[in-house]
Amino acid sequence: SQQGEEDPQALSIQEGENATMNCSYKTSINNLQWYRQNSGRGLVHLILIRSNEREKHSGRLRVTLDTSKKSSSLLITASRAADTASYFCATDGNQFYFGTGTSLTVIP
Amino acid sequence: EAQVTQNPRYLITVTGKKLTVTCSQNMNHEYMSWYRQDPGLGLRQIYYSMNVEVTDKGDVPEGYKVSRKEKRNFPLILESPSPNQTSLYFCASRDRGRNTEAFFGQGTRLTVV
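In order, the protein sequences belong to chains A and E. Just so you know, the first sequence maps onto residues 7 to 114 in the numbering used here. Just so you know, the second sequence maps onto residues 40 to 152 in the numbering used here.
No lab work stands behind these hints, which were simulated from the structure alone. Don't take each hint at face value.
[Said to hold, decoys possible] Beta-carbon label-pair distances, calculated as ranges: (1) A:46 <-> E:136: 29 to 35 Å; (2) A:84 <-> E:118: 45 to 51 Å; (3) E:40 <-> A:15: 30 to 36 Å; (4) E:95 <-> A:56: 22 to 28 Å.
[Stated by the list, open to error] Derived list of chain E stretches under chain A, where covered just means 3 residues or more per stretch with a C-beta under 8 Å from a C-beta of chain A: (5) 76-86; (6) 127-138; (7) 142-151.
[As the list claims (entries may be wrong)] A few chain A positions that, by computed beta-carbon distances, are all more than 10 Å from chain E: (8) 14; (9) 33; (10) 60; (11) 66; (12) 75; (13) 81; (14) 111; (15) 112; (16) 113.
Values in this document were obtained by computation on a predicted structure and should not be read as measured data. Beta carbons are placed, not taken as given, at the ideal position from N, Cα and C, and that holds for glycine.
Work the whole structure out from these sequences, hints included.
See the structure below:
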């Protein structure tokens, strides 16, 4: 399988804390994307980082990419209860592959 | 509004009874794909299509068929469903080219008994 792997599989934090999720992948990529999924619903695109970028910000989201280690991280700062969801990385190379996801619970 | 529409949202069927899950997008995207999502396994690609009349197998194509006769539609066909095809299915579309995001439908929860 060429899927990415997210770490941790599950994460539980208090509201206001930061949440960090990691993604490792196997193939060369054009870009890496992060998606969010509320329970049982479709995935929604959060942020895209290109292979020649190392860091990208969007609101409370910060994404890093290390192509030499084939890894990426997603940081959500000042988390809110509404951030409770599953988060997936997706690698975009010759094909589009999703990781196994991190389930984030933010406790009010 | 830009969207990917799947139907039905929920479906319970019996083993062996052919079914079709429809997917339609209104963004004129060339690329469409189907995924199944199972606990602990993430999203696995079933089939994808780079354009009209062009389809290819993904990671888990066995037991599924697709067709792409029109750009906007990409139905998923289960000729003879089996219980191991019980899953949550997603259709997605994206524009051609690099660095484009995927748009997902709301999902179809299929139960085969």
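Hints and how they fare:
The supplied range of 29 to 35 Å is met by residue 46 (chain A) and residue 136 (chain E), whose beta-carbon atoms lie about 31 Å from each other. The hint said 45 to 51 Å for the Cβ distance between residue 84 (chain A) and residue 118 (chain E), and at roughly 50 Å that hint holds. Hint check: residue 40 (chain E) to residue 15 (chain A), Cβ distance near 34 Å, so the stated range 30 to 36 Å holds. Checked against the hint of 22 to 28 Å, the pair residue 95 (chain E) and residue 56 (chain A) passes, with Cβ atoms roughly 25 Å apart.
With a threshold of 8 Å between beta carbons, the proposed coverage of the stretch 76-86 of chain E by chain A holds, since 6 of its residues qualify and at least three are required. Figure legend: the stretch 127-138 of chain E, annotated as covered by chain A; annotation consistent (6 residues with Cβ-Cβ distances under 8 Å, at least 3 required). Counting residues of the stretch 142-151 of chain E whose CB falls under 8 Å from any CB of chain A gives 6; the rule of at least 3 is met. Separation of residue 14 (chain A) from chain E is adequate, the least Cβ-Cβ distance of about 13 Å exceeding the 10 Å criterion.
Every beta carbon of chain E lies more than 10 Å from that of residue 33 (chain A), the smallest distance being close to 13 Å; the non-interface claim holds. Distance check on residue 60 (chain A): its Cβ is at least 16 Å (rounded) from any Cβ of chain E, clearing the 10 Å threshold; non-interface status holds. Separation of residue 66 (chain A) from chain E is adequate, the least Cβ-Cβ distance of about 19 Å exceeding the 10 Å criterion. At the 10 Å boundary, the C-beta of residue 75 (chain A) stays outside the reach of chain E, the nearest C-beta of that chain being 21 Å off.
The Cβ of residue 81 (chain A) sits about 20 Å from the closest Cβ of chain E, beyond the 10 Å cut-off, so the non-interface label holds. Look at residue 111 (chain A): its CB is around 16 Å from the nearest CB on chain E, clear of 10 Å, so calling it non-interface holds up. Residue 112 (chain A), annotated as away from the interface, keeps every beta carbon of chain E farther than 10 Å; the closest lies near 21 Å. Every CB of chain E lies more than 10 Å from the CB of residue 113 (chain A), the least distance being 22 Å, so the non-interface label holds.
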